[in-house]
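Going down the list, the protein sequences come from chains H and A. Per this note's numbering, the first sequence starts with residue 1, numbered consecutively. Per this note's numbering, the second sequence starts with residue 1001, numbered consecutively.
If you're looking for bench data, these hints aren't it; they were derived computationally from the structure. Backbone N, C-alpha and C define an ideal beta-carbon position, used for all residues, glycine too. You may find that some hints are simply not true.
As the list claims (entries may be wrong) - Where chain H lies over chain A, by a calculated footprint (3+ residues, C-beta under 8 Å):
{"no.": "1", "segment": "1052 to 1062"}
{"no.": "2", "segment": "1113 to 1127"}
Claimed, not checked - Pairwise CB distance ranges (calculated):
{"no.": "3", "chain 1": "H", "residue 1": "W4", "chain 2": "A", "residue 2": "G1025", "range": "35 to 45 Å"}
{"no.": "4", "chain 1": "A", "residue 1": "P1027", "chain 2": "H", "residue 2": "G63", "range": "29 to 39 Å"}
{"no.": "5", "chain 1": "A", "residue 1": "P1005", "chain 2": "H", "residue 2": "E13", "range": "28 to 38 Å"}
{"no.": "6", "chain 1": "A", "residue 1": "A1113", "chain 2": "H", "residue 2": "I14", "range": "52 to 62 Å"}
{"no.": "7", "chain 1": "A", "residue 1": "K1110", "chain 2": "H", "residue 2": "A15", "range": "45 to 55 Å"}
{"no.": "8", "chain 1": "H", "residue 1": "A10", "chain 2": "A", "residue 2": "V1003", "range": "16 to 26 Å"}
{"no.": "9", "chain 1": "H", "residue 1": "R88", "chain 2": "A", "residue 2": "H1106", "range": "27 to 37 Å"}
{"no.": "10", "chain 1": "H", "residue 1": "T129", "chain 2": "A", "residue 2": "T1123", "range": "21 to 31 Å"}
{"no.": "11", "chain 1": "A", "residue 1": "L1107", "chain 2": "H", "residue 2": "F66", "range": "24 to 34 Å"}
Said to hold, decoys possible - Partial list, derived from the structure: chain A residues whose beta carbon lies under 10 Å from chain H:
{"no.": "12", "residue": "F1016"}
{"no.": "13", "residue": "P1027"}
{"no.": "14", "residue": "T1073"}
{"no.": "15", "residue": "P1093"}
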Amino acid sequence: LSQWRRELQAVDEIAAPYGRWTLVAAYAVSAFCISRLFKTDWPGSVIAALACATAQIVRATIGSRFNVGVTVFITAMTASMFSTIGLRLHYSETIVPTLTSSVALLIPSLWLVTGGLDIMGGQIRFGMTRMLISFLIFATIVTGIAFALLIVTWGST
Amino acid sequence: MNVVPFLLSGMWAALFAVALAVAYGAPVAALYVPFLAAFAARFLRDLLTGLGLGLPLATVAAGLAASFVAVRTTRKSAAGPVAAITAILPLSPSSLIFDAIRAVIHLFDKDPAIVAAAATAFTTNTVKSVIIVAALAIGIAVPLVVGRNRF
Chain H
1 LSQWRRELQA VDEIAAPYGR WTLVAAYAVS AFCISRLFKT DWPGSVIAAL
51 ACATAQIVRA TIGSRFNVGV TVFITAMTAS MFSTIGLRLH YSETIVPTLT
101 SSVALLIPSL WLVTGGLDIM GGQIRFGMTR MLISFLIFAT IVTGIAFALL
151 IVTWGST
Chain A
1001 MNVVPFLLSG MWAALFAVAL AVAYGAPVAA LYVPFLAAFA ARFLRDLLTG
1051 LGLGLPLATV AAGLAASFVA VRTTRKSAAG PVAAITAILP LSPSSLIFDA
1101 IRAVIHLFDK DPAIVAAAAT AFTTNTVKSV IIVAALAIGI AVPLVVGRNR
1151 F
């Protein structure tokens, strides 16, 4: 057990190959590209990229202090609030794709797919655990988006 | 058939996969693998759906293509699974999942008609998402299990 812990600690201590701002740029490019795939207009793509970059900065800042649930909640709220403000200023006409793109990278597709692979490979418990965590993250994203919409649309209806 | 939109989709998916691979810490020397795999997967899926094939079957084929490209181009490194996973993420049902999320928000509306529509949308999108995820898992698993790289 102590050997495993040492190995895990060694893995944990491996330095990240890219710097913080490279990761922010990578997430912004990802959001821009996925928004193009969702048929968002150009201003909407820029809004999604900026929202995702802002959310990534927030995630990198708070990620080491809070657990995954709180981090995802705050990140989802930041991203959707940023994109909702952009949309309320009428910079883009493609509302739903822009909102989708800004939080798309929070959706745990990776865990879902690897969970499916685990189940297919006979690792039922691992797979089910990954799936369950994915659904909990979905619930957290829903809550974050709902809070952001509540804050941004407060008093406007 | 005009394939230019499919090529454009493939290009955006390839750039998305490369950016995601950077976010996941993939080395610079291996970034061409997710680019190629994602391009092949997205182009193939759009082409097949354009030819009239159903989305689940086209997704299985796209997952197979991404995984095959990843395994073939990373025979001597451990980057195959990472490349394959980042390549198929542009195919993941993010928009369906987001629609399901939006439906959840409307499930607690006061208007019964809105609640009924939201319940239908939530169920439909969730079932579709599960089918797409299963199709992706099947597509990506086969070459990785048959080939050298295994999860």
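Hint check:
no. : hint                          : result
1   : 1052 to 1062                  : violated (count 0)
2   : 1113 to 1127                  : violated (count 0)
3   : H:W4 to A:G1025: 35 to 45 Å   : 22 Å, violated
4   : A:P1027 to H:G63: 29 to 39 Å  : 23 Å, violated
5   : A:P1005 to H:E13: 28 to 38 Å  : 46 Å, violated
6   : A:A1113 to H:I14: 52 to 62 Å  : 54 Å, holds
7   : A:K1110 to H:A15: 45 to 55 Å  : 53 Å, holds
8   : H:A10 to A:V1003: 16 to 26 Å  : 48 Å, violated
9   : H:R88 to A:H1106: 27 to 37 Å  : 19 Å, violated
10  : H:T129 to A:T1123: 21 to 31 Å : 24 Å, holds
11  : A:L1107 to H:F66: 24 to 34 Å  : 28 Å, holds
12  : F1016                         : 4 Å, holds
13  : P1027                         : 6 Å, holds
14  : T1073                         : 20 Å, violated
15  : P1093                         : 8 Å, holds
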